[in-house]
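Undergrad: Protein chains in written order, with our numbering: chain A, 3 to 115; chain B, 143 to 258.
Don't read these hints as lab results, they were simulated from the structure.
Quantities reported herein were computed from a predicted structural model and do not represent experimental measurements.
A hint or two may mislead.
[Stated by the list, open to error] The calculated DSS-like cross-link candidates involving lysine-lysine, where the alpha carbons are at most 30 Å apart (straight line), are:
1. A:K5 / B:K156
2. A:K107 / B:K156
3. B:K213 / A:K43
4. B:K199 / A:K58
5. B:K199 / B:K213
6. A:K19 / B:K213
7. A:K43 / A:K58
8. B:K213 / A:K107
9. A:K70 / B:K156
10. A:K70 / A:K107
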Amino acid sequence: ELKVEQNPLFLSMQEGKNYTIYCNYSTTSDRLYWYRQDPGKSLESLFVLLSNGAVKQEGRLMASLDTKARLSTLHITAAVHDLSATYFCAVDTSGGGADGLTFGKGTHLIIQP
Amino acid sequence: DTGVSQNPRHKITKRGQNVTFRCDPISEHNRLYWYRQTLGQGPEFLTYFQNEAQLEKSRLLSDRFSAERPKGSFSTLEIQRTEQGDSAMYLCASQYQPGTAVYEQYFGPGTRLTVT
Numbered sequence: 003e004l005k006v007e008q009n010p011l012f013l014s015m016q017e018g019k020n021y022t023i024y025c026n027y028s029t030t031s032d033r034l035y036w037y038r039q040d041p042g043k044s045l046e047s048l049f050v051l052l053s054n055g056a057v058k059q060e061g062r063l064m065a066s067l068d069t070k071a072r073l074s075t076l077h078i079t080a081a082v083h084d085l086s087a088t089y090f091c092a093v094d095t096s097g098g099g100a101d102g103l104t105f106g107k108g109t110h111l112i113i114q115p
Numbered sequence: 143d144t145g146v147s148q149n150p151r152h153k154i155t156k157r158g159q160n161v162t163f164r165c166d167p168i169s170e171h172n173r174l175y176w177y178r179q180t181l182g183q184g185p186e187f188l189t190y191f192q193n194e195a196q197l198e199k200s201r202l203l204s205d206r207f208s209a210e211r212p213k214g215s216f217s218t219l220e221i222q223r224t225e226q227g228d229s230a231m232y233l234c235a236s237q238y239q240p241g242t243a244v245y246e247q248y249f250g251p252g253t254r255l256t257v258t
């Protein structure tokens, strides 16, 4: 059974600081997704990582994928309050979504002024 | 608005009643997925369609759950004889999947079900 583990599950940090969220998964996959969810809202796609060594950046967020280590990271640079949300990583092991995505439990991020 | 839409957004029902949710995907997307999300958890995959064909349904939670996509456009998810444990957010996602290229799934706003 595929397991996707995120850590930390809760993170409170100050504006201006840097931090990294980790996503480990238990089986071979070369497709990993990061989503953001605001309270009471649906999921917003942030990044799609499709190969070993893939790195993508958008604003203060940067995601990377190491398929050999089965690890993805989401790095936050100089955090701002607007980035407060829950961040999910999700793994696709079926080669195109045929088995759906398997999500981690999410990292609840609070950024304090 | 050209995103994924879901109706109703909220549904309160009494235990034992049947409920049906609707999802309208992004128009050119050929794949449609249903997920369930409970409080404090990530979404859990239930089923998916490619056009009108339901290609995976073994992950539906019980035989009380069923889904259709009759013309390859909108989809419905029905829960019969609801139980309190069915209370959750039900999310629909659509995806454009032309052959082997990979595209992300776009999620709708969800239907929040409360079973009393």
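Undergrad: The structure should be examined with respect to each hint, and the outcome stated for every one.
TA: Right, here's what the structure says about each hint:
{"no.": "1", "hint": "A:K5 / B:K156", "in the structure": "violated, 34 Å"}
{"no.": "2", "hint": "A:K107 / B:K156", "in the structure": "holds, 29 Å"}
{"no.": "3", "hint": "B:K213 / A:K43", "in the structure": "holds, 28 Å"}
{"no.": "4", "hint": "B:K199 / A:K58", "in the structure": "violated, 33 Å"}
{"no.": "5", "hint": "B:K199 / B:K213", "in the structure": "holds, 18 Å"}
{"no.": "6", "hint": "A:K19 / B:K213", "in the structure": "violated, 50 Å"}
{"no.": "7", "hint": "A:K43 / A:K58", "in the structure": "holds, 24 Å"}
{"no.": "8", "hint": "B:K213 / A:K107", "in the structure": "violated, 34 Å"}
{"no.": "9", "hint": "A:K70 / B:K156", "in the structure": "violated, 49 Å"}
{"no.": "10", "hint": "A:K70 / A:K107", "in the structure": "holds, 22 Å"}
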